[in-house]
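Protein chains in written order, with this note's numbering: chain S, 1 to 107; chain U, 1 to 268; chain V, 1 to 204.
These are computed hints drawn from the structure, not numbers from a lab.
There may be inaccurate statements among the hints.
[Stated by the list, open to error] Using 27 Å as the maximum straight-line C-alpha spacing, the simulated DSS-like pairs for lysine-lysine come out as follows:
no. : chain 1 : residue 1 : chain 2 : residue 2
1   : U       : K118      : S       : K76
2   : S       : K79       : U       : K39
3   : S       : K6        : U       : K267
4   : U       : K78       : S       : K6
5   : U       : K118      : V       : K42
[Unchecked claim] Below, a sample of chain V positions facing chain U; criterion: calculated Cβ distance under 7 Å:
no. : residue
6   : A33
7   : M36
8   : S43
9   : M49
10  : L58
11  : C61
12  : M109
13  : I137
Glycine is no exception: its CB is placed at the ideal position from the N, C-alpha and C atoms.
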Amino acid sequence: MTEPMKIRVTLQGDVADVRVLMAHPMETGQRKDAAGKIVPLHFIQTISAQLNGKTVFNADVSQAVSRNPVFAFKVKGAKTGDKVVITWTDNKGEKRTDETVVRAAGS
Amino acid sequence: MRVALVVGLVAAVPWLQAAAQSVDPTAAEFDKFRAVLEKDNPAELFEAKGEHLWRTPGGPKKASLEKCDLGLGPGMVKGAYAQMPRYFADVDRVMDAEARIVHCMISLQGFSYAELAKAPFSNEVRTPDPVSLVAYVAGQSRGEKLAPGRSHPKELAAYNNGKAVFFYRAGSFDFSCASCHGVDNQRIRTQPLPNFTKPDQALAAVQGWPGYRMTGGVVHSLQWRLNDCFRQQRFPRPEYASETLSALMTYLTVNASGQVYKGPGIKR
Amino acid sequence: MKFTTLAMLAGGTVLLGSCATDSRDPTQVRAEALTMMQRDFKSQGIAGMDRLKEDSVLAACNKYDDNPPPELTAKLEKEQFATIQWPADGKLMGDWKAGERIAQNGQGMAWNDKGGVGGSCYNCHQIGPATTSFGTIGTSLHQFGKKRGYGPEIQRYAYGKIYNSKAYNLCSQMPRFGHVKALTEQQMKDLTALLMDPASPVNQ
Chain S
1 MTEPMKIRVT
11 LQGDVADVRV
21 LMAHPMETGQ
31 RKDAAGKIVP
41 LHFIQTISAQ
51 LNGKTVFNAD
61 VSQAVSRNPV
71 FAFKVKGAKT
81 GDKVVITWTD
91 NKGEKRTDET
101 VVRAAGS
Chain U
1 MRVALVVGLV
11 AAVPWLQAAA
21 QSVDPTAAEF
31 DKFRAVLEKD
41 NPAELFEAKG
51 EHLWRTPGGP
61 KKASLEKCDL
71 GLGPGMVKGA
81 YAQMPRYFAD
91 VDRVMDAEAR
101 IVHCMISLQG
111 FSYAELAKAP
121 FSNEVRTPDP
131 VSLVAYVAGQ
141 SRGEKLAPGR
151 SHPKELAAYN
161 NGKAVFFYRA
171 GSFDFSCASC
181 HGVDNQRIRT
191 QPLPNFTKPD
201 QALAAVQGWP
211 GYRMTGGVVH
221 SLQWRLNDCF
231 RQQRFPRPEY
241 ASETLSALMT
251 YLTVNASGQV
261 YKGPGIKR
Chain V
1 MKFTTLAMLA
11 GGTVLLGSCA
21 TDSRDPTQVR
31 AEALTMMQRD
41 FKSQGIAGMD
51 RLKEDSVLAA
61 CNKYDDNPPP
71 ELTAKLEKEQ
81 FATIQWPADG
91 KLMGDWKAGE
101 RIAQNGQGMA
111 WNDKGGVGGS
121 CYNCHQIGPA
131 TTSFGTIGTS
141 LHQFGKKRGY
151 GPEIQRYAYG
161 KIYNSKAYNL
171 CSQMPRFGHV
181 KALTEQQMKD
191 LTALLMDPAS
201 PVNQ
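With the hints as constraints, model all of the structure from the sequences given.
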């Protein structure tokens, strides 16, 4: 089961500052549980972002990233009312998509 | 359309500058990590989860917590955390936020105390529901001034009892809370120890937990923190959501009252 | 406890025109707080409920805010001194290298431990120069022997203080490692050597 992302967008001029918090265990495959057993690799492999249905990037991600990661990027050419969609997939085939709408600065 | 990736994923960012303040290199690294995460505290993920839990029917009675009274009336969450611990007439005792949430889960949703108290603290694979709920409730007091109850006689008694607990030396090592947190400018190893008897430093006791702990990436509550203090004091184990812990939180929060609460913290 | 007019609103609590007071004296507050703790704490692992009890020392320190009257202090310090069991072989010095490991180890005596483990010394004291992550609750022990001399009386003081700090300073914040069996005789000898062996890095 996946849990929702928290997506925050602040617009400055036509630049949208997008900050995404993702709920994910990001297991490195090296951690041992209380019983001393290795916890299997479980990490986000790809992240993609779309602005109004158009992909603005696809990123490959490694297991060297912290639990519950923060991901931030800026997109030029954004405006109020634009739809931002973020999707991640992990190595177990789980997938999560969340979206938000760009609001005017200060609102 | 042009895209610029500004920050990668936090753990992968190489640090170029050493922090000037911290004594040891590990603490300095954590300080920089914290500075980055303060804006995007992963505790917010748990606040969101807690809000969902608050609104969703659950427990044997299939009820939501939307009728839970945190002191400002049923369902009123905004600002309630900053006014706890406080006296609740329906139970005739002072309760801290987590104790009150547990009370609501029992009385409204039909959970038993025993099942909630069985494994009440977070670990890498599990965050108990009351912890997410307290993160949500705490987040709804972001920016509010701390104003715990201090007018009802039982609130005053809780403060005085909590103060007595704070200064009570016992356990194998003869420690009290005050052994570590009753003097200015002390530290254990490199860990600074705020003096909770002073108003400005007492804020640190309230501000940190509930909060996101970077070690392990889990959210812990103040219930957990005080439990672990008593473990390190070499005391027996305080019962989850007990009156003693509410009294101690009353002492700490009243000492910090009047100051602005910034919401769930970010801790090493 | 004095109650003035109380006005309750449904569910919540609102207090009108009230000035709450707590008429209990400090002894009564402490007694009631202790009763509450005895009800709310549970034994866990090696940490039994007996740990909540005050012995004569803590009773005096708790009652007088760590500053009991001089006569009482002198009497209790003497009693505590008499509890110290000196090594039967008369030797107070062990191996400083083992002592360094014991000083570094902060585990032991908590409910998740099996018993005593380490001395937690660096948690509170500066000791060897190689460790910069030392606490500041206790005084610096760097050059302990070099500053005080390496004689048998200072050895005896070091061992005795580790065994039962309250024999020397009644309300000291330092644990009584020998008295509560958090450290063994050999461990206390090793720590004494860490402080008192002229070859120990502490004394360089």
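Cross-check of the supplied hints:
{"no.": "1", "hint": "U/K118 / S/K76", "verdict": "violated (51 Å)"}
{"no.": "2", "hint": "S/K79 / U/K39", "verdict": "holds (23 Å)"}
{"no.": "3", "hint": "S/K6 / U/K267", "verdict": "holds (20 Å)"}
{"no.": "4", "hint": "U/K78 / S/K6", "verdict": "holds (20 Å)"}
{"no.": "5", "hint": "U/K118 / V/K42", "verdict": "holds (13 Å)"}
{"no.": "6", "hint": "A33", "verdict": "holds (4 Å)"}
{"no.": "7", "hint": "M36", "verdict": "holds (5 Å)"}
{"no.": "8", "hint": "S43", "verdict": "holds (5 Å)"}
{"no.": "9", "hint": "M49", "verdict": "holds (6 Å)"}
{"no.": "10", "hint": "L58", "verdict": "holds (5 Å)"}
{"no.": "11", "hint": "C61", "verdict": "holds (6 Å)"}
{"no.": "12", "hint": "M109", "verdict": "holds (4 Å)"}
{"no.": "13", "hint": "I137", "verdict": "holds (5 Å)"}
Checked against the numbered hints listed earlier, the structure breaks hint 1 alone; every other hint is satisfied.
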